[in-house]
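Residue numbers (this note's numbering), protein chains in the order written: chain G, 6 to 294; chain W, 6 to 294.
Keep in mind that the hints were calculated from the coordinates and are not lab data. We put the beta carbon where it would ideally sit given N, CA and C, even for glycine. Just so you know, not all the hints are guaranteed correct.
[Said to hold, decoys possible] Simulated restraints on C-beta separations: (1) W:S291 / G:R257: 20 to 30 angstroms; (2) G:A212 / W:R257: 24 to 34 angstroms; (3) G:E205 / W:S13: 24 to 34 angstroms; (4) G:E286 / W:S13: 31 to 41 angstroms; (5) G:E30 / W:G125: 40 to 50 angstroms; (6) W:G125 / G:E286: 18 to 28 angstroms; (7) W:D189 / G:S291: 24 to 34 angstroms; (8) G:D254 / W:D133: 28 to 38 angstroms; (9) W:G244 / G:R257: 22 to 32 angstroms; (10) G:E205 / W:A261: 53 to 63 angstroms.
There are 2 protein chains.
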Amino acid sequence: MSRTISESLYDGYAQQFDAAAIVAEEKTGFQDLLIFDSKMHGRVLVLDGIIQLTELDEFTYSEMLAHPPVFALGGIGHAIIVGGGDGAVAEEILKHPDVKSVDLVDIDGRVVELSKQHLGGVHNGVFDDPRLSVHTVDAFEFLASDKAQGRYDLIVADRPDPVGPAEVLFGQSFYDRVRNALSDRGVAVFQTGVPIYQPEEFTDAIALLSKAFPKVGSYLTVTPTYIGGQMALTWASKGTDLPAATTDDDLRKRFAAARIETRYYNPATHRAAFALPPFIEALVPSTEG
Amino acid sequence: MSRTISESLYDGYAQQFDAAAIVAEEKTGFQDLLIFDSKMHGRVLVLDGIIQLTELDEFTYSEMLAHPPVFALGGIGHAIIVGGGDGAVAEEILKHPDVKSVDLVDIDGRVVELSKQHLGGVHNGVFDDPRLSVHTVDAFEFLASDKAQGRYDLIVADRPDPVGPAEVLFGQSFYDRVRNALSDRGVAVFQTGVPIYQPEEFTDAIALLSKAFPKVGSYLTVTPTYIGGQMALTWASKGTDLPAATTDDDLRKRFAAARIETRYYNPATHRAAFALPPFIEALVPSTEG
Chain G
6 MSRTISESLY
16 DGYAQQFDAA
26 AIVAEEKTGF
36 QDLLIFDSKM
46 HGRVLVLDGI
56 IQLTELDEFT
66 YSEMLAHPPV
76 FALGGIGHAI
86 IVGGGDGAVA
96 EEILKHPDVK
106 SVDLVDIDGR
116 VVELSKQHLG
126 GVHNGVFDDP
136 RLSVHTVDAF
146 EFLASDKAQG
156 RYDLIVADRP
166 DPVGPAEVLF
176 GQSFYDRVRN
186 ALSDRGVAVF
196 QTGVPIYQPE
206 EFTDAIALLS
216 KAFPKVGSYL
226 TVTPTYIGGQ
236 MALTWASKGT
246 DLPAATTDDD
256 LRKRFAAARI
266 ETRYYNPATH
276 RAAFALPPFI
286 EALVPSTEG
Chain W
6 MSRTISESLY
16 DGYAQQFDAA
26 AIVAEEKTGF
36 QDLLIFDSKM
46 HGRVLVLDGI
56 IQLTELDEFT
66 YSEMLAHPPV
76 FALGGIGHAI
86 IVGGGDGAVA
96 EEILKHPDVK
106 SVDLVDIDGR
116 VVELSKQHLG
126 GVHNGVFDDP
136 RLSVHTVDAF
146 EFLASDKAQG
156 RYDLIVADRP
166 DPVGPAEVLF
176 GQSFYDRVRN
186 ALSDRGVAVF
196 QTGVPIYQPE
206 EFTDAIALLS
216 KAFPKVGSYL
226 TVTPTYIGGQ
236 MALTWASKGT
246 DLPAATTDDD
256 LRKRFAAARI
266 ETRYYNPATH
276 RAAFALPPFI
286 EALVPSTEG
């Protein structure tokens, strides 16, 4: 018997999935976790009623958080993922053989455990990669530790929406800690919402980021089950200009040399992602002053 | 009291809107028509249970059907819209002052009437433009008329999904008629579905189009309420290569000179739209032979 899973992230608008089977369902101590098999989207992970990923379309999100910064920098050493207990973003970063280490910091160990067990189609065994270290602690604290200072060439904030326990991951002091953990050449990338449905979230995040970082900009990806069309990913750095960091020609050479398999990312979609429609550009706050 | 409007275009997946008010609801003789006011999306037009447009996001669709071909060609004379009774695409085309005429051919006169009356926020009074002629006849027949042969610099197939009465708008003889109605420099643009959810519709349309036209290619737009993220728009011509028809520099000059207001289209999103992710490129059939 099938169950209907309804996501009501917005007032007066919902998406509904028929669940062919419930794979896991529990209160983890941090949140309500649900993993189910859907007809169209394969296996789906839901936290506190919000779709986190589906097997069908997670590549559109995890590839675009990982590959644009890695290819623009021409390779990275150490990376950290804030959240991301499902392993999707870690898998993309670790497709690059010269990445030295990835710290995956997700406060909820049950998300990691149940993802390991049930979301093989998402993480593809990345938890067995010796370069990956999983830390089930508060990322906000982890970033403030001595060993984190200036360590990371790539910081990915694979954070949920700014409600409940994740709210601290959207504040000024979080952004300050991210900046301090970044290497001089490094780039941080943040999920900053779906501009057409969450314009304030996008504008507010850029305003706060601009106080912590000299360079800030946004690019887009399209993840069907993060309803709203384009999702904004916002990058920030101490000096690196993400779109200007590499030529088209170098990008093509690096991508060809890397021989990694991607379904959304390629040098053309990398470039295209930085083209913001006027309605999104209009939401970018002025950063003077 | 609010009513829940559910769209179940796909098996096991639906989107739901709370309707604050029903504006119009009738069987037109061709289809079931519904216009309602939603909380998040403004006014919404539904035909046979499928969302046709919402005030919130129709610009992402109608701008991208109209402006890329017009700017790439550096201006057009006569245009025709197959379907589009809501006036959204006509409004975009007629933002260009040197367009001589637009024939809007929608078989369902009630869609035109009720859109005129209730969707002013979408068409912005375009039905009063003397360059617009509305024909409530079968577009399949209209395109075969003597006066249509070789007439149009732009043909937009703003068609619904290939079910019911619209099925004929997806067949080989429709594409042949479109080709014959096109001027030598002209470009036709077709809605070809949402590749991640409708891969066969996309692949099949390109295969048929490639039999009728020497040049065929696709570009993308993102319309939240056409759930599935990217929607493919496929262009076809007798010789014009749409992405190669203009330089970046000309595109910027033409856009600046046109002084039209857009919310999705600009020269950067024009270029970016032609970057297909690998999972969509993989659906493009080989056209050799």
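### Violating hint indices (sorted, rising)
7, 8 and 10
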